[in-house]
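Taken in sequence, the protein lines are chains A and B. The first sequence begins at 178 in our numbering and counts up one residue at a time. The second sequence begins at 72 in our numbering and counts up one residue at a time.
FYI, nobody ran anything at the bench for these hints, they're computed from the structure. Possibly wrong hints are sitting among the right ones.
Beta-carbon label-pair distances, calculated as ranges [to be verified]: (1) B:Lys124 with A:Pro289: 47 to 53 Å; (2) B:Arg134 with A:Lys276: 18 to 24 Å; (3) A:Gly218 with B:Gly85: 35 to 41 Å; (4) A:Asp231 with B:Pro132: 23 to 29 Å.
Positions of the beta carbon are idealized from the N, C-alpha and C atoms, including for glycine.
Below are the chains, spelled out letter by letter.
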Amino acid sequence: GNSVTQMEGPVTLSEEAFLTINCTYTATGYPSLFWYVQYPGEGLQLLLKATKADDKGSNKGFEATYRKETTSFHLEKGSVQVSDSAVYFCALMNTGFQKLVFGTGTRLLVSP
Amino acid sequence: DTEVTQTPKHLVMGMTNKKSLKCEQHMGHRAMYWYKQKAKKPPELMFVYSYEKLSINESVPSRFSPECPNSSLLNLHLHALQPEDSALYLCASSQQGGNSPLHFGNGTRLTVT
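Chain B on its own, in the form it takes in the complex:
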């Protein structure tokens, strides 16, 4: 069982919808990440939060809006997405510093219609 929990597992949304992806971890990790993975490709980094502050934004379009309400929770708010945004969205967490390994959730499979 993964220690990083993501909900929902699957999401279908239209281009005018607003939805949110949620991620939770209780390992005491202070770094949390959002990755996007297209089929047959490696994950691509989107955002990194460190001690609940956004530390890295990989030039992600503003239709993706991350939020870190506390050290255990990470959200990704979605608005006006495009069909090409359909992908597996992975959340991860890690200890802060020291090249600590990332622990991934099972992801949310997003389809934009």
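Bound conformation, chain A alone:
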């Protein structure tokens, strides 16, 4: 079946530190991969996406590369800000299905 595994949180960083949140997946076929972010008290916002192997999604300084050989889609940012504190969800959607399969989420806490 399809599943997504994310690193346990919380991830605690100081402002301007480098961020990596690991995400690996199991899927049949060729899924699309997504990162969503949820700020406190809000819904989920699409952060970035990649639809095929070696695609790099990027937005607001965040990047993730679709690695089929390692079945990974790790989220990175070169310099985090306090405002990046949120919960980050890795997710996949397989072709022909309408289900978005989420990882468990990783909470990021950035201190000044």
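Assemble chain B onto chain A, guided by the hints.
What follows is chain B alone, placed relative to chain A:
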């Protein structure tokens, strides 16, 4: 600002009440979704509507009744809920097909007393 609007933002209801959650989008999306999210958990899919027809029901109890009156609106009717149904209810929409990303609303925080 989110392009998927959900009302109300907060709802408190007793176990004998009947209430409805509403969702609206004007992006021309033809797929709409209801998700339930408990604290510190990822969202769980409840229902999917495709071209205003119910296409997926994830074995949701009948006390939750979805309705899609037109391509822009999605309702979730609630009746005889239990305290464990307290959660954040998220609506989402997407283009039909092609692994299009979902666009989420900010949710309705439901408390069942």
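Going through the hints against the structure:
no. : hint                               : result
1   : B:Lys124 with A:Pro289: 47 to 53 Å : 50 Å, holds
2   : B:Arg134 with A:Lys276: 18 to 24 Å : 22 Å, holds
3   : A:Gly218 with B:Gly85: 35 to 41 Å  : 24 Å, violated
4   : A:Asp231 with B:Pro132: 23 to 29 Å : 43 Å, violated
Of the numbered hints stated above, those contradicted by the structure are hints 3 and 4, listed in ascending order.
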